Amino acid sequence: MSKFKQTIFIVLFVCGIVLPVPLWMVVAPFFEKEGTENRTLAEKPVLSAESYTEYAEEYEAYFNDHLPFREELIGVESMTDFLLFKSSSDRVIAGKDGWLFYAAKNDGEPVKNYTGEDLLSKSQLKSIAEKLTKIDEYMKSRGGRFILFIAPNKERVYSEYMPDKYGTPAEKSAVTQLIDYLHENTDVEVVYCLDELMAAKESCADPLYYKTDTHWNQLGGYVGSRALMSALDVDLPGLGDGAEYEVTGQDGGDLAKYLHLEWMFAKADNEYEVKAYAGVQDERKIYLHVDSFYGAMLEYVNACFENREAVHFRNFVMKDMLEYEPDIFIYESVERYLPQLVFLDTEGL
Amino acid sequence: MVFSSAIFLWIFLSAVFAGNLLFGKRLSNLFLLTASLFFYAWGEPVLVVLMIFSIIWNYLMGLMIEAASHKKLLLFIGVAADLLLLAYYKYAGFLLRSINTLCGTAFEVPQIALPIGISFFTFQAISYIADVYRGKVKASKDPLPVALYISFFPQLIAGPIVQYRDVERQLRERKLSAEGFAFGFRRFIYGLGKKVLIANVLAKCADAVFDHGAAGVGMLPAWIGALAYTFQIYYDFSGYSDMALGLGQMFGFTFSENFNYPYLSKSITEFWRRWHMTLGAWFREYVYIPLGGNRKGKGRTVANLWIVFFLTGLWHGADLSFILWGLYHGALSFVERLGLKKLLDKSRVLSRLLCFIAVCIGWVLFRAENTAEGLKMIAAMFRPGTGMKLWELGDTKTLVIAVCAVFGCGIMQALVPSKVKKRYRESVLEALVCGAVLFFCLAALAGAGYNPFIYFQF
Chain A
1 MSKFKQTIFI VLFVCGIVLP VPLWMVVAPF FEKEGTENRT LAEKPVLSAE
51 SYTEYAEEYE AYFNDHLPFR EELIGVESMT DFLLFKSSSD RVIAGKDGWL
101 FYAAKNDGEP VKNYTGEDLL SKSQLKSIAE KLTKIDEYMK SRGGRFILFI
151 APNKERVYSE YMPDKYGTPA EKSAVTQLID YLHENTDVEV VYCLDELMAA
201 KESCADPLYY KTDTHWNQLG GYVGSRALMS ALDVDLPGLG DGAEYEVTGQ
251 DGGDLAKYLH LEWMFAKADN EYEVKAYAGV QDERKIYLHV DSFYGAMLEY
301 VNACFENREA VHFRNFVMKD MLEYEPDIFI YESVERYLPQ LVFLDTEGL
Chain B
1 MVFSSAIFLW IFLSAVFAGN LLFGKRLSNL FLLTASLFFY AWGEPVLVVL
51 MIFSIIWNYL MGLMIEAASH KKLLLFIGVA ADLLLLAYYK YAGFLLRSIN
101 TLCGTAFEVP QIALPIGISF FTFQAISYIA DVYRGKVKAS KDPLPVALYI
151 SFFPQLIAGP IVQYRDVERQ LRERKLSAEG FAFGFRRFIY GLGKKVLIAN
201 VLAKCADAVF DHGAAGVGML PAWIGALAYT FQIYYDFSGY SDMALGLGQM
251 FGFTFSENFN YPYLSKSITE FWRRWHMTLG AWFREYVYIP LGGNRKGKGR
301 TVANLWIVFF LTGLWHGADL SFILWGLYHG ALSFVERLGL KKLLDKSRVL
351 SRLLCFIAVC IGWVLFRAEN TAEGLKMIAA MFRPGTGMKL WELGDTKTLV
401 IAVCAVFGCG IMQALVPSKV KKRYRESVLE ALVCGAVLFF CLAALAGAGY
451 NPFIYFQF
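As they're listed, the protein sequences go chains A and B. Numbering follows the working numbering, in which position 280 of the first sequence is assigned residue number 280; successive positions increment by one, without gaps. Numbering follows the working numbering, in which position 283 of the second sequence is assigned residue number 283; successive positions increment by one, without gaps.
One or more hints might be untrue.
Unchecked claim - Computed cross-link-like contacts, DSSO-like style, restricted to lysine-lysine with a CA-CA straight-line distance of at most 27 Å:
#: 1; chain 1: A; residue 1: 105; chain 2: A; residue 2: 131
#: 2; chain 1: B; residue 1: 419; chain 2: A; residue 2: 105
#: 3; chain 1: A; residue 1: 122; chain 2: B; residue 2: 389
#: 4; chain 1: B; residue 1: 296; chain 2: A; residue 2: 172
To be clear, the hints were calculated from the coordinates, so they are not data collected in a lab. Note that the structure is predicted; figures quoted are calculated from it, not measured.
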């Protein structure tokens, strides 16, 4: 091997193998450490007689979580996978035209919702129907109303951007199954705003969901809110037909974060502001069980209802709702979280 | 500790290489031995004593065999102890389970943890005392070379199985050179790339199929899973061997080759001269030839071959599926001996295709959870029908890597003219390519975190 080539390998060894750890010890403070993993990173273990057998494993876990240039290296891998292979991580599907979709298996199962492999069992349907009926009867007995509000998964509305291999969204999946079952066996009111979104998609030039985020944007949130308000006999103007909007900035979403490619998608999505809708101050008291999809609905609901309280499902306790004594109770859920209904706390009803 | 891990690359290798340079020739063996024991203890904090025991035992046995007159008896005791250790840790559970199944007994089957690399260092240790017995090497009075031979970290966990006589001189005197280092590091990078960029990607596909199980898997997915595993195990194991040989070279050692493009084989007989060559060599040297090899008549030769294939299968794992896998290869070898091989050698493409398919089917048995699952999966490969969706098996990346894997397993190497190969191997471009491979491997390791080798159960 030529001397020059030998030198290259020596340099590679020094730079790639020897330098990273000592170099990192010097420059680490200058690198921003942003946790995108939503988990606690492993801690440095202490060597002692008791910890002897686990020490190696724990130390390695610690080292892997605190690798020199870890974020940068992960970013390189994500970028290569995405740009070279149009490939996603386990959590993100790289769709067409820069659209990203959620592929999680432990945060709801959106892909299964899409392919229709998420069907609920008879006992699950029965259990959900029973719980919802309890709530419905309680509210009705006090002259109030209860609505189950379902926000569709993004891939249902923008299925044309899903990779071809997933096909078209299944005709029958958990959401249609549940709605049909409730319709046939209960009096529970369900608002599933898929049709409204599809109609708005036709008439509106801008997207209703973020391209690089799992959620709907302010426009989609408005359409959903309008559908909900309509069921509550509150009229809101249609998007672009009384309710105008404008772009207020650009952003990248949570899916871009999961890909470690925030920098690449930093301006991928528009943020909007919907203006000039005639907010009606309804005097009824409204209580909502919500998830993160409510974020884009909050403003509009607040503008229509003076007396309101929205509680995230992580903090939801039925007793609190009962204490509030609302005239309207809304259970808002994105499609992929519907199975959680099986675990709904109905204590006190 | 796994070679394809950040902690090995950035802490262990870095420190050990620097240390080896600093300590100089005289202390090198001692330093490397300490590093190797640390390396082993990292993975086996308690059972490292087994290896230390094995070193002391075989070192003493070597001296005794050479000095004493009852050489054969001493050899027998030495080897028996080595094998008993292996048998207990690896096969006791399997043995008891089998006795229970065959005799209807209900002995309690103990859960014995398998110490990493025990199959490898046991075989190396046996190689030492056997060679001393035969007079092929002199027993080492200095314990250091024997200790380092048995425990040297590059080949401790998954080979290649080095015979003592092949490294004896290198243990006493070896030179470190920039050129040797560069050759070694180049080889190491190729091995790392094979493991991290190819094997690990294909593993996801193979795992998806085998985790799903044979029931309702579908014919095409079953084949895809089988093929994915076929290439996964090749790139994983040969990549590991590349890393082992590369590391050895970086420290001034030359070990024997372990792979020679096995999927280019025209027959199973040829396959075993290209796959895991050092294991084949060990069995030939210490089992086949002592049993008489092919010098005791046709019948005995055939019996010897069956024994070797049985043991090869058994060596790979304490389960019936491994034994059957070994015997499956034995059966194919046997048929080849009867005349099929002559036929196969005549063709150029068809024989390679058939051999490849035969090996692929064998790997299904090897990979599956157990014998029943393996046989069911093989059946699924020949039963028309759909099952798993293709998008569950992988994506564009998997496909691209798979294509690279197929071409890289020997086809490209065979088709590219040797002049071009030579130019590339001598070019500066190759060094830059290696740099890129190293970089992307480091990025992949950062992204992955968890990275076991297939052969870790040995």
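Right, here's what the structure says about each hint:
1. A/105 with A/131: holds, 26 Å
2. B/419 with A/105: violated, 51 Å
3. A/122 with B/389: holds, 26 Å
4. B/296 with A/172: violated, 71 Å
In summary, the structure is inconsistent with hints 2 and 4 from the numbered list given earlier, while agreeing with the others.
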